[in-house]
Amino acid sequence: MTKKTLALLLTAATLLAGCGSTGASSPGGGAPKAGGTLVLGENGQEPPCLDPHGNASSDGPVATVPVADSLVWFDADGTIEPWLADSWNVSDDGLTYTFKLRHGVKFHDGAVWNAEALKLNFEHMKDPATKSPLAAAYIAPYEDSKVVDEYTLEVRLSSPYKPFLDILSQGYLGMISPKQIKEAPQTICEHPIGSGPFIFDKWTKGQSITYHRNPDYNWGPKGAKHTGPAYLDKLEIRFLAEDATRYNALASGEVDAIDFTPPQNVEDVKANPELGFLSAIRPGHPMSFWLNTSRPPFDDVKVRQALLAAVDRESIIKGVSFGQYDVAQGFVTSSTPGYAAALEGSIAYDPAKAGGLLDEAGWTGRDKDGIRTKDGKRLVAYFPIAANFPAQRMQIAVQTQAAARKIGLDIQLQTPPEQELTDRSNKGDYDMSSGLWATNTADVLWIQYSSENITTDKRRGQNVARLRDAQLDDLLERARQGENPAKLYNQAQARLLELAPAIPFYDDPRPVAYQKKVRDLTFTPAYPSPYFYDTWLEQ
Amino acid sequence: MVKPMVTVENLRVAFGAAEVVRGISFEIARGECLALVGESGSGKSVTARTLVGLTGGGARIAAGELAFDGQDLTALRERGWRKVRGGRIGFVLQDALVSLDPLRPVGKEIAEVLATHTGLTGAARRARVAELLASVGVPEPELRAGQLPHELSGGLRQRALIAAAIAADPELVIADEPTTALDVTVQAQVLDLLAELKSRDRSLLVISHDLAVVARLADRVAVMKDGVIVEQGPTGRVLGAPEHDYTKQLLRAIPAEHTKGTRLSATAPAPPRRPPGEVVVRAQGIGKSFGGRIAVQDVSFTLRAAETVGIVGESGSGKTTTARIALGLSAPDTGSVEVHGQSWAGLDRAARRRLRRDIQTVYQDTLAAFDPRYTVAKVLAEALSVAGVPRRSRRERSVELLELVGLSPEHLSRRPLQLSGGQRQRVAIARALAPEPAVIVCDEPVSALDVSVQAQVLDLLEDVQRETGVAYLFISHDLGVVHHACDRVLVMKDGRVVEEGPVEEVFRTPAHPYTRELVAAIPRLTAV
Amino acid sequence: MKRPGPGLWLAVAVLAVLVLAAVAPHLLSAQDPLAVDSAQTLRPPSAAHPLGTDENGRDVLARIVYGTRTSLLLGFGAIAIALVFGGLLGLAAGLGNRVVENVIMRLSDIGLAFPELLLALVVITVAGGGTANAVLAIGVANIPGYARLVRAQTLAVRRSSYVEAAHALGLPGRRVILRHVLPNAVKPVLVLATIGVGTALVAGSALSFLGLGTPPPEPEWGSMLSTARNFISRAWWYGVFPGAAITLTVISVTVVGRALRLRSEGRTSW
Amino acid sequence: MIRFIAWRLLAGAGVLWGAATLTFLVLHFTPGDPAEAVVGGEGAAPTPEVLAQITAEYGLDRPWYEQYAGHLWRIVRGDFGTSYRLHTPVTQAIGEQAWATMELALAAAVTGLVLAVAVALATAGRRRWIRGLAAGAELLVASTPAFWLGIVLLTVFSFGLRLLPATGSHGLASLVLPALALALPIAGVLGHVLREALEEVLDEPFIVSARSRGLADTTVRVRHALRHALLPLVTMSGYWVGALLGGAVITETLFTRQGIGRLLVAAVNAKDLPVVLGVVLLSALVYVLVNLVVDLLYRVVDPRLKEAA
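As you go down the protein sequences, you meet chains A, B, C and D in turn. Here the first sequence is numbered in the numbering used here, starting from 1 and rising by one per residue. Here the second sequence is numbered in the numbering used here, starting from 540 and rising by one per residue. Here the third sequence is numbered in the numbering used here, starting from 1068 and rising by one per residue. Here the fourth sequence is numbered in the numbering used here, starting from 1338 and rising by one per residue.
Hints listed in this document are in silico derivations from the structure and should not be mistaken for laboratory results. Any given hint could turn out to be false.
Now the in silico label distances, taken between C-beta atoms and shown as ranges [as the list claims (entries may be wrong)]:
(1) C:P1117 <-> D:R1499: 26 to 36 Å
(2) C:L1082 <-> B:A907: 26 to 36 Å
(3) C:P1117 <-> D:V1637: 55 to 65 Å
(4) D:L1470 <-> B:P678: 49 to 59 Å
(5) A:E267 <-> D:W1410: 55 to 65 Å
(6) D:L1634 <-> A:K427: 50 to 60 Å
(7) B:G596 <-> D:V1637: 24 to 34 Å
(8) A:K427 <-> D:G1432: 31 to 41 Å
(9) C:D1099 <-> A:A271: 33 to 43 Å
Each computed SDA-like pair below joins lysine to any residue, with the alpha-carbon atoms no more than 25 Å apart [unchecked claim]:
(10) B:K622 <-> B:R665
(11) A:K427 <-> A:V301
(12) A:K318 <-> C:R1301
(13) A:K179 <-> D:P1426
(14) A:K146 <-> A:D92
(15) A:K234 <-> A:L537
(16) B:K917 <-> C:L1249
(17) A:K270 <-> C:A1106
(18) A:K368 <-> C:Q1098
(19) B:K737 <-> B:D634
(20) C:K1254 <-> B:R953
(21) B:K622 <-> D:L1458
(22) A:K318 <-> C:A1102
(23) A:K234 <-> D:A1510
(24) A:K126 <-> D:P1426
(25) A:K458 <-> D:L1388
(26) B:K622 <-> B:R741
(27) A:K368 <-> C:R1136
(28) B:K542 <-> B:G603
(29) A:K202 <-> D:P1426
(30) A:K182 <-> D:L1388
(31) A:K406 <-> A:V327
(32) A:K406 <-> C:A1102
(33) B:K917 <-> C:S1331
(34) A:K100 <-> A:K225
(35) A:K406 <-> A:A391
(36) C:K1254 <-> D:G1575
(37) A:K516 <-> D:G1497
(38) A:K202 <-> D:G1418
(39) B:K647 <-> D:E1537
(40) B:K917 <-> C:L1257
Just so it is clear, the structure is predicted and the values come from calculations on it, not from any experiment. Glycine included, C-beta positions come from ideal geometry on N, C-alpha and C.
All chains should be built: construct the whole structure from the sequences, respecting the hints.
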């Protein structure tokens, strides 16, 4: 393959932001061949449980999607396509969804896919015994459902929930065999049974998961390139936590493809004619440092804006990603439906302005180390981090720390015990916190910033910034009720830029590198992760 | 003329800068037994090892001639040496306990030689091993062959070692201190065995510090000092009419009955003896057993001021236990020990401590007896503090003590490691004297010392007694020493006192058979 | 009897430099170990940065120099803890009655049943990461070992004939213990401890490797090393130099420790 | 002999109980709610119902002594409970990982021992520079953090020369590097001890008398000296176990191997009490057994101790 086509391919890949149907398309042409085993090197985020509803790890979907199909397919452009559901309609009040299900779908244990199966899956997600860390929350508005006929299910929500369908397209809500749910729910974690193109073989904890082809498979999603069974005989996912190890496993041919290609190696990958590269920006909230708006110093918007302006995100991100990441432009990533492109560039690096803002905020004094003070109090922000804090985030943290110091804000990184960390984050005892939230709808803003989602004793919420803004709440609530989301989400993003509840750093990509012999390796756009249904190996 | 078995001509051995053998020459004729005699550091052992090419790493060897049976040993390579060692020259090291591999049955050690130097295998070899053990007088050889060194008595071990040395029927047997660390009776037996080894075509080289041992065995004697042979000749002549002063000194230094009341070392004669005073220690029917094994049984004795009572006996006879009981360091199961009429048993801790000042002790191991970190000054100061000597006058008192034991003030700053064995024993005596005790218990006080040093220390003890009128409880396995140093003696065997009385009587006319055996076994300085 | 060789002097020299770096780092490096420069990340050794820069454009040399204090603290601090507590327990066991001895020894059995690192991990789960806790963790992990060592020594010394001699002299028991038993029991342990410092230092770096050591941005060799491993293919200098620092330090400490041991056993003539 | 073993086993049981109690108390009284560990973590959004469910299911609401009793009782019955994090029985979780670690530890132990013995035998009492060389090498590996050693090995043999796989627990090839990384520091320490011991033994009189029988140097070293020199090694069993298990944690993480070590780190981070407890007890058990075996072994190597028993 020539450099040119490679370049083309890559731009395609990034432009179409992980559009499922592109990716590692076969430029040399050639008809797909069946057979072979593909080994994927995953990062260390091995899910503790392979029940799609039972895990929240970022490697969850890549491991469960081969086994469990979803109800609907989400296309990169945001349209919802049929999959296990042929069609559906939503009542005007947005409270009732009626799904017409696909016929002839069989689970690996022979169980039949029908309305009852779907109902059971919903209930399994909600059932506390499932210990669902995510799915349950995602379908929180689910009330109950009624089997209309063999292939029709009527689902009732407690409140209108526009993103319902988008969410249903995510791997975390894949469909599990009703037989297994009824008869042996406790086995799902260890040995999930779904209807997917691959049948689960074996999970060697801390090591790998293996699958083999489902010969009966004939219900691929609409986004797929072909119908019928998958091409690969076998699929193995190996967990290689060490970045260097993972990359070298690919370079040395130990594995056929790797997920989360370490940014420091991307250039080498691109330079290597043996290797192909495929990347998609994950929709959702960019990797950010959230600022706790519920207590000093960040309860003062000026201080937040000051910090935002003080940090040279461009050069930091360029440095840590070796020029691979796009700097975040706002509070959703560029690949998220409803992304407000118009607002791009509104966050600017301007230390002078930052200083000014702090002065306005009254932080005018200085102590001996040049840290600002206000009536005797130092301008300090506590940033508790986990022991296994990713090296790269650490870099960003350290450089942010340095930048903040320049404007007289002292960021203190702390490494409390894991549990104290959780307690503190639940109590809101922190000034900064880091993270991202990948989901395929701008409703992520509601998840991250609506005052409902501030963690309380009663409720675990994702509003880490503990932001309370009536105006924003209203915008987001109405958006998820379904009233002209496009416009409302635009306004919400604009409002957030004023409120500056976080420092958004980069749009998190899902960079996958692979041996050239691997063809048509694609992504599931709903929650970008390698998807192997169309993938085949050139022998 | 027959050429000698061994010819050594101007042999020099040096380790680094230090030359330990400085040009010695001797010959050993066929069937002859030569004895190399000298004190530690005289270079006798190095000479012996050089003859089997085991001088040790970093040794530089030069010799006008170094020949074995006409063969030039200096020219030998490792391979050649291996044929000679064990094959033609048998080597018996001192102290069989450490000279036999403690983890291997003695039989294996002997079989090893056969395996290396003879064609014997399997059953034949085993048979030969038994044969050899029998030939050196080991009872039930088959059984013994399978036992580990520590399961054998010292005597048997030494015999086994000799068996290994002669296994391949070598022409020359070298025995380095073959009888040290052996009880006197056993020593006698081993010496006889060695004597038997000597035959028409087998020569013997015996290394020893003990002239008496040599007297019994050797045809000719060579006396070594500081790496040179000061005198050599027929045993009778050398021991009977020594020419060199050192030889004379050595001979004089050997304590035995005839030396009673004479000076062993060339030091000024001491003040006149005092008559025995009142009783200071009275032991009555003391007995003690450890885990059922009886160590001491019904031992009684009295010790008067200015008197020396000896306790002789072979290892395990209960000497040391008796001493510890006397010192009040361990309590007897039965009987009692009174010091100045006070019984240890009756006293509380404080009183015991006070009483301890009256009964001090001197150990065999001169090094272990001192806190390695303490200087002589501190050692003595501590002892004096116990005696209640005020701090300011301690130093001057220490100096007095040192002078009393023949050391000078500059030794005050030394640590135990920086002193010679003899000096350490002198310090030990000084320490024991510090609290001005009535009694000093001397447990094998000289058995770790070279004969000439031993002589000095024995004289010193004598002098001190005459100066201070202190009484000694003198424990030793060496009858010569006891005979020389003691007024009265207790002979112990298996924890019992078998005979007791004035030293002269006991040794002249021993009543008890065991005592007779002991006395008979004493090596005497008359050439055989 | 052997005299100290050049190796020993070399080791002593290294330790001297380390001590200097610990007390007065600014003398050894003019650069600020915290000075981030996003434009200068992972630069190879140059005039400006003799040992190159790290992923945040900080001067590696400066970070190694300024990291000395923390890194040494990991080793020496931990062993100090282990010595003090282990020592006291060991003496108590060696001098106390059977009950005391048994209790302490059984406890140390339990302690020894945990591999050092495991024990450290447990301690850190309780106390959390950070330099102080890492020191504590390794220190605690080493207590049982030293307790046993000191006990053994104490018993040995108690049985030695110079202690018996002191008793025979009529010295009060308390004084015998203070003057003879304690010093002679503790001294060899102190010597062994110097070697222990090296091992503790390595253990410390292991904790850093697991992300439980010193939190950033403070420099510490172990954590430098564990971060560097992600960039090993691009920036060898980032890993090699901190690694060398650790190894060199441990070697020096060990060499000195062994020399001291030989000396205390009277096997050298100085 | 039997009484000796029985007694030792009894003591061992005591140690295990102590270990169990210690870890339980320590981990129980550290702040934080295990329920969080079960479903918490970044990217998770557990609903209150879920949290309540977990607390009830694992009896986390019961007083500590009840939980403690519960733990002990189950352990006695060989049931170590269910892992908070993995939602599977601890015995299973450990079982899945145990073999990999065992394999690694054994491989490392053997490699380390062989290396140490070989080097020591070859160099003990030889010319100064040879000994210096060996000692230097030992010092170097013994003074280098295992993970750094591992990284170097990886970079050279796996990333650089592409000779050996860098990862996984499948096949012999994937065992070489981790085992080496784990073995080298151990070999360094053991080698030093062994050579010192050998050199001491080689000065013993019985070695001289062995030589005086005309034995070849190698024969003397192997047949007479080695056995003695091995004794101190045997007594270092505690160090062995510690070094191997502790090292496993690091090595497994670095080489992304399966194993108890990694399981433990994950468990400690997630406050997965049952697993931590399980692993601790396992390692304590190993320690106890190894020590027992060693004591017996010691009696084999050194028969003098037989009657001492």
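Going down the list of hints, with the structure as the test:
1. C:P1117 <-> D:R1499: 26 to 36 Å: holds, 32 Å
2. C:L1082 <-> B:A907: 26 to 36 Å: holds, 34 Å
3. C:P1117 <-> D:V1637: 55 to 65 Å: holds, 57 Å
4. D:L1470 <-> B:P678: 49 to 59 Å: holds, 52 Å
5. A:E267 <-> D:W1410: 55 to 65 Å: Hint holds: Cβ distance 58 Å, inside 55 to 65 Å.
6. D:L1634 <-> A:K427: 50 to 60 Å: For K427 of chain A against L1634 of chain D, whose Cβ atoms are near 55 Å apart, the range 50 to 60 Å holds.
7. B:G596 <-> D:V1637: 24 to 34 Å: holds, 32 Å
8. A:K427 <-> D:G1432: 31 to 41 Å: holds, 38 Å
9. C:D1099 <-> A:A271: 33 to 43 Å: With Cβ atoms ~35 Å apart, the hint holds.
10. B:K622 <-> B:R665: Distance ~22 Å between K622 of chain B and R665 of chain B Cα, so the pair holds.
11. A:K427 <-> A:V301: holds, 21 Å
12. A:K318 <-> C:R1301: holds, 16 Å
13. A:K179 <-> D:P1426: Judged against 25 Å, a Cα distance of about 23 Å means the pair holds.
14. A:K146 <-> A:D92: holds, 18 Å
15. A:K234 <-> A:L537: holds, 11 Å
16. B:K917 <-> C:L1249: Satisfied, since the Cα-Cα distance of roughly 17 Å is no more than 25 Å.
17. A:K270 <-> C:A1106: Distance ~23 Å between K270 of chain A and A1106 of chain C Cα, so the pair holds.
18. A:K368 <-> C:Q1098: Distance ~20 Å between K368 of chain A and Q1098 of chain C Cα, so the pair holds.
19. B:K737 <-> B:D634: With a Cα-Cα distance of about 21 Å, the restraint between K737 of chain B and D634 of chain B holds, given a limit of 25 Å.
20. C:K1254 <-> B:R953: holds, 20 Å
21. B:K622 <-> D:L1458: holds, 24 Å
22. A:K318 <-> C:A1102: Satisfied, since the Cα-Cα distance of roughly 18 Å is no more than 25 Å.
23. A:K234 <-> D:A1510: holds, 23 Å
24. A:K126 <-> D:P1426: holds, 24 Å
25. A:K458 <-> D:L1388: holds, 10 Å
26. B:K622 <-> B:R741: Status holds; Cα separation ~17 Å.
27. A:K368 <-> C:R1136: Holds, at roughly 23 Å.
28. B:K542 <-> B:G603: Roughly 17 Å between the alpha carbons, so the hint for K542 of chain B and G603 of chain B holds.
29. A:K202 <-> D:P1426: This hinted pair holds, its Cα atoms lying about 17 Å apart.
30. A:K182 <-> D:L1388: holds, 23 Å
31. A:K406 <-> A:V327: With Cα atoms ~22 Å apart, K406 of chain A and V327 of chain A stay inside 25 Å; holds.
32. A:K406 <-> C:A1102: holds, 11 Å
33. B:K917 <-> C:S1331: Satisfied, since the Cα-Cα distance of roughly 19 Å is no more than 25 Å.
34. A:K100 <-> A:K225: Given pair K100 of chain A, K225 of chain A holds - Cα atoms ~24 Å apart, limit 25 Å.
35. A:K406 <-> A:A391: Cα-Cα ~23 Å, so holds.
36. C:K1254 <-> D:G1575: Between K1254 of chain C and G1575 of chain D the Cα gap is close to 23 Å, so the pair holds against 25 Å.
37. A:K516 <-> D:G1497: holds, 22 Å
38. A:K202 <-> D:G1418: Within the cut-off at roughly 23 Å; holds.
39. B:K647 <-> D:E1537: Holds: K647 of chain B and E1537 of chain D sit about 23 Å apart, inside 25 Å.
40. B:K917 <-> C:L1257: holds, 23 Å
Of the hints listed earlier, there is not a single one the structure fails to meet.
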